[in-house]
Structures are given as C-alpha cells and as structure tokens.
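Given the coordinates of chain Z, assemble chain H onto it according to the supplied hints.
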Amino acid sequence: MACHGTEKNVRKRRGKKGGLKQVLLMGNPNVGKSVVFSRLTGVRVIASNYPGTTVGYTRGYMKLGDETAEVIDVPGTYGLEPTCEAEEIALQMLATGDVVINVVDATNLERNLNLTLQLLEKGVPMVVALNMWDDVAHRGISIDLKRLEELLGVPVIPTVAVTGQGVKELVESIPAASAPRLPARSHDERWQAIGSIVEQVQQVTHRHHTWLERLEDASVRPFTGIIIAAVVLVGMFLGIRFVGESLITYVLDPLFEHLWTPVILFFSSLMGGSGVIHDVLLGNTIVGQVDYVESFGLLTTGLYVPFAMVLPYIISFYLVLGLLEDVGYLPRLAVLMDTIMHRLGLHGYAIIPTLLGLGCNVPAVLATRILESKRERFIAATLISIAVPCAALQAMVFGLVGERGLQYVAIVYGTLFFVWIILGFILNRMVKGFSPELLIEIPPYRMPPWRTVLQKLWFRINGFLREAIPIILGAILVINILYALGVFNAIADFTAPVVTGLLGLPKEAVVALAIGFLRKDVAVGMLAPLALTSGQLVVGSVVLAMFFPCIATFVVLFRELGLAGLLKASAVMIVVSLAVGGLLNLIL
Amino acid sequence: MVEKKLVSLRQMYSGQSGRVRQIDGGMGMVNRLNSLGIRPGKKITKVSSMLMRGPVTVQLDSTRLAIGFGMAHKIIVELEQ
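Protein sequence lines, in the order shown, are assigned to chains Z and H. Going by the working numbering, the first sequence wraps up at 588, each residue one higher than the last. Going by the working numbering, the second sequence wraps up at 669, each residue one higher than the last.
Hint data in this document are derived by calculation from the structure and do not stem from the laboratory. These numbers were taken from a predicted model, which means no experiment stands behind them. Yeah, the Cβ is synthetic: ideal placement off N, Cα and C, and Gly gets one too. Treat the hints with care, as some may be off.
[Claimed, not checked] Once the Cα atoms are required to be at most 30 Å apart in a straight line, the calculated DSS-like pairs of lysine-lysine come out as: (1) H:LYS630 <-> H:LYS593; (2) Z:LYS122 <-> H:LYS593; (3) Z:LYS122 <-> Z:LYS146; (4) Z:LYS146 <-> H:LYS630; (5) Z:LYS146 <-> H:LYS593.
[Said to hold, decoys possible] Restraint ranges, calculated between C-beta atoms of paired labels, are given here: (6) H:GLY613 <-> Z:GLY42: 17 to 27 Å; (7) Z:TYR61 <-> H:TYR601: 50 to 60 Å; (8) Z:ARG214 <-> H:GLY613: 46 to 56 Å.
Okay, chain Z solo, but in the shape it has when bound:
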C-alpha cells in the first residue's frame, strides 16, 4: 500500500517537472546530505546527527550554468537493496534522476564506497562529494584524492558542508559527471574491489582516544550509560522548563500585560463592552481587565494561547531537542532503551520518533519510517498518537494544571507513561508478526554547529507559526459561532451519559473534546472556564491527550498506515482513552 503510494507520487512529480534536469543527493545515512542540500538550494531542511533524519524527499532548485536544475535530498541508504521504507523511496528516486551527487563520509571510506560502487554499476552520471573532509585529519586518516578519482572514474570533490567549504567546486564539477558503468558484481567481488581501492588511497595512522571518544564508549556501557541517560533526560526536562518558563514570565506575559491589555480595553470600551462582535473578538469576561485564558475572544485567547502559552515551550523544546540531535546522543539512547522497547513490540530506534512526538505528533508519525516492519510502524504510530502528548498540549497542561499544583501535572504524565508501557505490551501481544532487531550506526559525538541548530529551531518555530496559528484562530472563531447558535448545548445533552457518567466531567466538556480534533492546546484551554475540580482537570487533560489526535496527525496516520491501520488505531484510541478516563475518574 504505502509502497504504491510513493511510486505514484514519484511518477506524478516526474510528470509535472519533466523538463528539468534532476540532481539526486544520495549516500549513506548521516553523511550530511541534507546539509549539502541546504547549501546547494538555499532550501532549509532539518538536518541532525543521526541516521534517518530525512525519511521523505525534499526538492529544491539550483542554478547549473544557465539552466535551473531540480535537486532532491534523498533519504540515506546503505545499499540499493532496500530494508526499510526510507530506503525504498531512495531506490525509486534513482530511476528518475539525471545526475547523482554521491555524498560520502570521508572518515568511513570503506563502508561508504559500497554504495558508491553500486551506484556506478547502475550507470548513472555521478560526482562524489567527499564530505566531513575536516574530520579526516583529526582522525589520523589521509586520502589520496587524485588516485581515488582515477580509480572511481568520476570527479571527487572534498567538502565540509557545515561550513560550505568545497560546495562551489562541487557545483562546478556537476557538468563533468561521468558514468563509467561498472559491471554488476556480487557482494564479495564488490568488497574486494573496495578493499583494493581503500588500500591504494587511504592511510590511517594510529592515535590515542580523545575524551569525546571515551564519553562515546561510556554512553553505551550498561552502568555509565544509564547514569548518562538519566542526567541527559533530567537535564533536558529542566532545560525545557527553565527556558519555557523564563520566556513566559519575563518576556511574553509582560508584553501582553503592558502592551496588549490597554489596546484590548480601549477597543472594548469603544464597542460598548458587549455585543456579538465584541464577544467574538474580545471575549466575554472583560470587566476592567482581560482574562486571556478564559475570555475566548479571537484577539485575547486566540493570540495569548499560541504566543504566550505554547510558543515559549515550542522554542524551548526544539532548542533542547535540536542540541541532543546534533550532538548525536539519540542513537545511544536507542541502544539503552532497546530491551524495554522490545517488550512493546518495537526496538530501540523507535525512541527517536517517540521523542519527536513530544514536540509534534505529525513529524513523529512520519519518522516511524525509519522502522523496518509494518507492524512496528503501526505500534509506534499508535502509541505516539495515544500516549505521547505534543508540546502544545504539554504547555497548556503546565499552564492550567500546573496552577493546581505540580502533583497533578505528575499524575497526567505518570498516567500517559503508564498507558504507553501497558498499551505497548498489549499491542505487542495482539498484533501479528515479529519485531525486527536493532541494527543501527552510532554516529560520533559532534559539537553542534550553531548555525544548523539555530536554523533548525527557526525552521520548526516557523512551521508552528504558519500551521498552528490559523487553525487556533479558526477553532476559536468556530467555537464562538457554535456557542452563539446554541449547537453545543444540543451535543452536550446528547453525549452527557459518557462525559458526565463515565468521565465525571460537566457535560459542556464535550465541546473541548470535540475541539481537540482541531487543536489540543485550544481544547485544554476550553476546560479553563468550566470551574473544574483539580481531579476533573486531570481527567480532562488525560482524555484530551489520548482521545483522537488532532486533524493534522489524523491525516498523516491515514497516509502512513492506510485506512485499515487508521481505523484500527482509532478504535484503540477510543477504547483506551475512555477506559483510562473512567478509571482516573474513579480513583481521583
């Protein structure tokens, strides 16, 4: 299913842009293709220090002489026999490309050349970008470029994509791309050929371990590894809290209070303090002051929720996550978590989509493509959409539930974590098939380049601003209109048995549950005016987190799992969220 979808996409894209020359960036995972891509096209894409950052393809354009060429950032692949969906996409792209830029990690010549030779066997015109060239000397490696060029029969350009070194030369070499078309070889023959190339061009001098390498080893050893993981995760949590809360307390709250409140009050008195338009724009609780959370006006809550409650946490979460990604810690966490994840029917690498889900479930579900089997992808995506709350929802939980005491926040998180584990256990038993084993490359630790960290942060914040804010404003507008029409009362009466009887929430809370389909942050915000007890607020937040994912996640679930997968996942969501909500209601 998924396979056919991608194939169709490739054809469609080909048909549309048929006239342009197509340049493919191909190479092993985590060699810096996405960084080269950004350099060539100016299009910003997410690049990180772990294999599998790019799971779909990104397209951009560059000047090639006086024509424009299409450049495609292809997901990394170790060989041309695909083992996961991301690699399958890579193979399909190869069929349509005119020129391949094979990005090679110069510090891992032997393994990278395996793909290089396979590409040469396909007979596509190619140039080689020998990336991470600056790292070669540090590692005591020297490479004879001229000889390598002769042996491969294609241009070889040393590059340092992070700084831009060599990119100009790379572009200039594209017209000289050649296709020696090697004969197809067996694995053994190919490795022999690679062995002989490496012997002729590369010299490695022995050198002592650096402290960074010692740290690399320590983080995959059982005891030191667990200590490092604990420090990293606690540090991550505290860092996110600190940055997020500081932004709210010192920047955004004062901005709203001192600059925006007077404007709102002025307009309010201008409009006479009431009326339909007044209520839609400014909300209904203005009595000389503005309640930004409860008023539910477009210009009050509609701006305050995204900018002053959610945005600070989006910034802090993605800043901290971006650092962890670029340092190269995440694959090590995958190694540590592997045993536990196997109990959930997954393997350690599934921790990466899961962590991404704490930011936004949409890229997280897409990132499940790094997992090999359909079964794993179903389990991972279902667990993410049920038990992994996105940053927007978490920010609102901290804002609203946090006011009642941190122990209530802890109950929300504890419940979700518990559900994640138990549901994983159950899905592992119930979903047919087997779980493949972990087999991943662990990148070296690198000092995160500030430029990529900040670019990536901006890229993600920009995504939030552009995609979330229109929906938040739209949701608030819809809420106001439906309230005015009295539609919600009818729904509330209809669903009262479940909402009140089972979950112990006032019947109006159903409106929040329904809005949760649009935006989770607005939905949690809607619980604020209902005068809930702390227990009810916890139940409401947990059910909102677990119940239907927001519409954007819903769409990717459909695309990634297919209709049958989506229906199954939705059934699990409804059953589990009502069961857990009901149970919490009984306990609290």
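The following block gives chain H in isolation, referenced to the frame of chain Z:
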C-alpha cells in the same frame, strides 16, 4: 598451527577483537549486515553490550554499530590471539 577460537559476538568480551568468520542468518540478515560492512573476513572489535539481552555495540574501522542481541548471537567471530 595456532588454534583459532570461534565465538559469537554475544560471547565476546568488551574490548576483544577478531575477524568475522561467518553469519548464521538468512539472506535478508546477511544482506543487511553486508551493506553495513559486516562480512566474513572483516575486523571487528566489541565495544560493549547492554544488560538483559540488550544490543551489542561494535567498532568496524571508524564506524560504530549497535546490533540487536539475537543478531549478535548469529555473528561468529574468530578471535585474535
């Protein structure tokens, strides 16, 4: 003749090195490992292994790989004396 000792990657101690002798798995597994550079004759060093049937971390040239417990059991290494 020096006697060569064969062990699985799982049985190796951290810090030990050897050469891969054979891979007792199906074509799929052999191919996957092959594309990552793990193949008969390749020098391999065990870095660490996780507790409770956790993955084994190995070093090949300057690449580090984590290999699931079951797979590690099927990779047979000839230890260096």
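* Which of the listed hints are not met by the structure? -> 2, 5, 6 and 8
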